[in-house]
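Whole structure, please, built from the sequences with the hints as guidance.
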Amino acid sequence: MTAEVPEGPRLVLTQPLSFWGGVDPTDGSIIDTHHPQRGESVRAMVLVMRRGRGSSSSATVLAECLRLGTGPAAIVMEEIDEVLAVGALVAKELYGVDCPVLADPVVFREVVGPSLDS
Amino acid sequence: MRDKARLAGSEGPGVALAMRVVTGMGEAVGATSLLDVTGAHVDSCLYHGRAGLDFALRLAEGGAMVSVPTTLNITSLDLLHPELYRGDGNEAAAARRQLEAYEAMGCRPTWTCAPYQLEARPGLGEHIAWAESNAIVFANSVLGARTGRYGDFFDICAAVTGRVPAAGLHLDWNRLGGVVLSVEPRRWDMSTSLFYAALGHVVGGRAGALVPVIQGLPAKTTEDHLKALGAAAASSGSVAMFHAVGITPEAPTLEAATGGRPLPTEQITDEHLDAAVRELSTGSAANVDAVCLGTPHFSLAEFGRLRQALAGRRAALPLYVNTGRGVLGDLQARGWDEELSALGVTIVTDTCTYLTPILADAIRTVMTDSGKWAFYAPANLGVDVVLADLDMCVNRAVAGRVGS
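From first to last, the protein sequence lines are chains A and B.
For the first sequence, our numbering begins at 1 and goes up steadily by one.
For the second sequence, our numbering begins at 119 and goes up steadily by one.
To be clear, the hints were calculated from the coordinates, so they are not data collected in a lab.
Mixed in with the good hints there might be a few duds.
Away from chain A, derived, C-beta distances all over 10 Å, residues of chain B [claimed, not checked]:
id: 1; residue: A146
id: 2; residue: D161
id: 3; residue: L164
id: 4; residue: E221
id: 5; residue: R267
id: 6; residue: D270
id: 7; residue: I365
id: 8; residue: T383
id: 9; residue: R396
id: 10; residue: G444
id: 11; residue: E456
id: 12; residue: T483
Restraint-style ranges between C-beta atoms, simulated for each label pair [what the hints assert, rightly or not]:
id: 13; chain 1: B; residue 1: Q450; chain 2: A; residue 2: E4; range: 52 to 60 Å
id: 14; chain 1: A; residue 1: I31; chain 2: B; residue 2: V520; range: 41 to 49 Å
id: 15; chain 1: A; residue 1: Q15; chain 2: B; residue 2: A517; range: 35 to 43 Å
These figures come from a predicted structure and were not determined experimentally.
The C-beta atom is built at its ideal place from N, Cα and C for all residues, glycine as well.
Shown next, in the form of C-alpha cells:
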C-alpha cells in the first residue's frame with residue numbers, strides 16, 4: 001500500500017501474531033499466551049512481521065487499536081495479509097488514522113536482516 | 119462500468135464505501151481485476167469495540183444492502199439463551215445494535231461459525247467471500263469453493279458489492295500444494311478427535327504461507343475431523359487451504375494436489391502430535407472444573423457421538439456445547455436437546471464459550487477437544503486448558519471433580 005519504509009521505533013516479531021486474541025486494544029500489549037513477545041506493546045511501533053496469522057477478527061481489533069491510539073504506526077510484512085490490510089484501510093476511512101501496511105519481500109529482508117527465521 | 123459508477127456514488131454512500139474497500143484491497147494484493155462472488159459469510163457482526171459498530175452503521179446508514187446471499191458468523195451474545203451472558207450491559211447493548219445493522223443490510227441471522235453446516239453450501243469451483251478462519255479453510259479445502267483469507271469489514275463489503283479481487287485462492291495456481299506433510303503416527307489413533315486437533319496445530323506451525331498437502335489420512339476421515347484440523351491450523355498458523363490426498367476434492371492424487379511439481383516432504387510423527395498436545399495444554403487434568411465442546415460449532419453428527427459417549431450418564435461438571443441454531447433445530451426435532459439437558463449438558467447457541475462471559479467465575483481449568491478453543495481461551499478468558507479426546511472430555515465431566 002506504500003513504497004517507503006516508515007520511520008520510527010520498530011518491533012520485529014519473531015513469530016506472526018493474530019491481533020484478535022493476541023493484542024489488548026486498551027493498551028496495545030501482546031496478550032497471546034503462545035507468543036514469545038507476550039507483554040511487549042505494538043503501540044506507535046513500526047510493526048515488522050513476516051505474515052498475518054489466525055482470526056478474521058484481527059481486522060476489527062486492529063481498527064479498534066487505531067481508533068484508541070494503541071495501534072502500530074505502520075506494519076511491514078513479507079507478504080500481504082488481507083486481514084490486516086483491510087483493518088488499516090477501514091481505520092483510515094472511519095477515523096482518518098494512517099497506518100501504512102507495506103508488503104514487500106525485499107524491504108522486509110532489509111528491515112529484519114538475516115536473523116529472523118520464523 | 120458499474121464498479122466505477124458505484125465508486126462515484128451511483129448507488130449511495132454505503133455502496134461507494136464498500137466499493138472503496140474492495141478496490142483498496144485489490145490494490146493491496148496487486149490484483150488487476152475483480153470477479154463476482156455467489157455468496158458471503160460475514161464475521162464483522164461480532165462486537166469487539168466501537169470500530170466495528172461505527173463501520174456497520176456507516177454502511178447501513180449509507181443505504182448499503184447485500185447483493186448476494188449472506189450468512190452471519192457468531193455474536194458475542196447467546197440470543198436464544200440471553201440468561202447465559204454474564205457480561206457488561208452496555209457492551210451487550212452495543213453488540214446488539216451492531217447485529218441489527220447487519221440484519222438491516224439483508225444478512226441472514228444464522229449466527230454460526232460453521233456456515234458449511236447449513237443446508238445450502240457452495241460447491242466445487244464456486245467463488246465466494248467468506249470470513250472466519252475455520253470457515254475459510256473448510257470452504258477452500260473440503261468444499262472446493264474459492265475464497266481469500268478475508269477478514270472483518272472486507273466480508274460485508276464483498277457481500278454488498280458482490281465483487282472481490284481476482285487474486286489469491288480464487289486463482290487455480292495459488293491453490294496447488296507448496297509442501298507435503300506425510301502423517302506417519304505409530305501410537306496415535308487416527309479415528310479420535312484429539313488426533314485431528316493436534317495434527318491441525320502441527321500443520322499450522324509447519325505450513326507458513328504455503329498450501330499444505332497432507333498425506334496418510336485414513337479414507338474414513340469425516341468432515342468433522344477435517345473441520346477440527348482446519349480450525350486448529352488456522353489458529354496456530356495462517357492456513358486458508360489444505361489438501362488431504364484421497365479425501366478433499368482437489369486432491370484425488372498427490373499429483374493433482376501438487377500440480378505434478380516435486381515438493382519438499384516433511385514427516386509428522388507421534389512426537390510432533392504429543393508436543394502439540396503439550397503446547398495447547400496449560401493446566402492439569404486433575405484440576406479440570408468444566409468441559410467445553412463445539413469450537414467450531416458442533417454438528418448433528420458430533421451430537422450423536424456425544425450421546426454415545428455419555429451413554430445416559432449425567433455430567434457432574436458443567437459441560438458446555440456450542441452450536442448453531444440450525445443444528446439446534448435438528449436436535450429439537452429428535453428430542454436430543456431435552457435428553458442432553460437432563461444429562462447436565464448446557465447447549466450454547468449463536469456464540470462461543472471461548473470469547474464471551476458465559477463460564478462461571480469459579481471455573482479455572484477447562485477440558486476441551488478443540489485445538490482452537492485451547493489456543494485462544496487462555497488469553498481471552500484467563501483460564502487454564504487441557505486438550506483431550508472427546509471421550510476423555512465426557513468421562514471427565516461425568517466423573518466430576520477429583521477428590522470430591
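Against the structure, test the hints numbered earlier, and report the numbers of the ones violated in rising order.
1, 2, 3, 5, 6, 14
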